[in-house]
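Participant: Spelled out, the chains give:
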Amino acid sequence: MAAQIVDSTDDRISRISSSIRVIPDFPKPGIMFQDITTLLLDPKAFKDTIDLFVERYKDQNINVVAGIEARGFIFGPPIALAIGAKFVPMRKPKKLPGEVISEEYSLEYGTDKMEMHVGAVKAGERALVVDDLIATGGTLSAAIRLLERVGVDVVECACVIELPELKGRDRLGDKPLFVLVS
Amino acid sequence: MSACKEDDPRIDGIQSRIRVVPNFPKPGIMFQDITTLLLDPKAFKDTIDLFVERYKGKNITAVAGIEARGFIFGPPIALAIGAKFVPLRKPKKLPGKVFREEYDLEYGSDCLEMHVGAVESGERALVVDDLIATGGTLCAAMNLLERAGAEVVECACVIEIPDLKGSDRLKGKPLFVLVESQ
Chain A
1 MAAQIVDSTD DRISRISSSI RVIPDFPKPG IMFQDITTLL LDPKAFKDTI
51 DLFVERYKDQ NINVVAGIEA RGFIFGPPIA LAIGAKFVPM RKPKKLPGEV
101 ISEEYSLEYG TDKMEMHVGA VKAGERALVV DDLIATGGTL SAAIRLLERV
151 GVDVVECACV IELPELKGRD RLGDKPLFVL VS
Chain B
1 MSACKEDDPR IDGIQSRIRV VPNFPKPGIM FQDITTLLLD PKAFKDTIDL
51 FVERYKGKNI TAVAGIEARG FIFGPPIALA IGAKFVPLRK PKKLPGKVFR
101 EEYDLEYGSD CLEMHVGAVE SGERALVVDD LIATGGTLCA AMNLLERAGA
151 EVVECACVIE IPDLKGSDRL KGKPLFVLVE SQ
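Line by line, the protein sequences are chains A and B. Position 83 of the first sequence, counted from 1, bears residue number 83 in the working numbering, the numbering being contiguous throughout. Position 93 of the second sequence, counted from 1, bears residue number 93 in the working numbering, the numbering being contiguous throughout.
Calculated directly from the structure, the hints in this document are not laboratory data. Do not rely on the hints blindly, as some may be mistaken.
Simulated pairs of lysine-lysine, DSS-like, Cα-Cα distance not exceeding 27 Å [as the list claims (entries may be wrong)]:
1) 58/A x 45/B
2) 175/A x 113/A
3) 92/B x 94/A
4) 165/B x 5/B
5) 56/B x 45/B
6) 113/A x 26/B
Across the chosen pairs, the derived CB separations fall in these ranges [as the list claims (entries may be wrong)]:
7) 56/B x 173/A: 39 to 47 Å
8) 110/B x 93/A: 13 to 21 Å
9) 101/A x 31/B: 17 to 25 Å
10) 122/B x 25/A: 28 to 36 Å
11) 92/B x 111/A: 15 to 23 Å
12) 108/A x 7/B: 51 to 59 Å
13) 56/B x 165/A: 36 to 44 Å
14) 44/A x 108/B: 36 to 44 Å
Note that the coordinates shown come from a computational prediction; the quantities given were computed from them, not determined experimentally. Positions of the beta carbon are idealized from the N, C-alpha and C atoms, including for glycine.
Use the sequences and the hints to build the structure in full.
Facilitator: What follows is the structure, encoded as structure tokens:
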């Protein structure tokens, strides 16, 4: 059986980073939007992205991967499948059928809500929260609160990209953050 | 015309994990909820494996997934068969230049968008979503890919509602599903 040669972490991160496209002034003037869709068009870069998360989490007894709608739905499920965890979608209001619990969070102007199904997770389960990017940390911290309200142990938040100047890390309380590209 | 994978022993486990929620999103609709399938790692893996077994070795270069539940099933398939993943999104979500395709709803219309440059002329594509009902969204998705010059090889869904005859709206292209539901 041939040994599988895996590129070094640095080489993989370099390819991932250069596959992300920056779009100026989206969704509004002044914002440099980090577009991960171009990463998804490069099968090797996409696979490397998932592998880097899986290598980190596969031996950590993670039972749950919670992914934030909608780009967290792209990265969360492949990680969940590879580590044998359930996938739990965290959604905008009124998308999930049946009984939900909801958590309000602040936006720059106004508020929004995030919902999770009742019964999706159980007290004591160990969870990751996954999204493509962390900016202010508002959405991630809402997801953490939802999971903790039902007794889940949030082990870590995992994102492809961090915008460090927005200090999202500070909004995660005592929860660690792992990112591939800063 | 659709192909359904009823004979495989994994199908029973998959079908039994799908939850039907009555009167969602409105009275009279029996909503097929796949989130309970995602809570069972083996059933979720079996779901992906059934698609991967069908499509690997068929030179599929692009898997297009329809927002948002197509984002859950599409990427794991794409990763396993070495194809790119192309998100097809509601309006104004994709940054940069897009193709836009309008389609009819029961009341009114909606739009689906795809990035310009996501697929190239001559690529072989799958379209993936969790469920096919009337086929309107899938038809719009196929139109987007064909406008960019790609060949749609097949549409793949976890669930079909055969009474709604969505397979007739796929412009003669084949449909592959795992589960048929009333």
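Participant: Compare the structure with each hint and give your call.
Facilitator: Going down the list of hints, with the structure as the test:
1. 58/A x 45/B: holds (16 Å)
2. 175/A x 113/A: Satisfied, since the Cα-Cα distance of roughly 21 Å is no more than 27 Å.
3. 92/B x 94/A: holds (20 Å)
4. 165/B x 5/B: Roughly 18 Å separates the two Cα atoms, so the pair holds.
5. 56/B x 45/B: holds (16 Å)
6. 113/A x 26/B: holds (21 Å)
7. 56/B x 173/A: 39 to 47 Å: Taking Cβ atoms as reference, residue 56/B and residue 173/A lie about 43 Å apart, which means the hint holds.
8. 110/B x 93/A: 13 to 21 Å: holds (19 Å)
9. 101/A x 31/B: 17 to 25 Å: holds (19 Å)
10. 122/B x 25/A: 28 to 36 Å: holds (33 Å)
11. 92/B x 111/A: 15 to 23 Å: Since residue 92/B and residue 111/A have Cβ atoms about 20 Å apart, the given range 15 to 23 Å holds.
12. 108/A x 7/B: 51 to 59 Å: holds (53 Å)
13. 56/B x 165/A: 36 to 44 Å: This hint holds: roughly 43 Å between Cβ atoms.
14. 44/A x 108/B: 36 to 44 Å: Since the Cβ atoms of residue 44/A and residue 108/B sit about 42 Å apart, the hinted range of 36 to 44 Å holds.
In this structure, none of the earlier numbered hints is contradicted; all agree with it.
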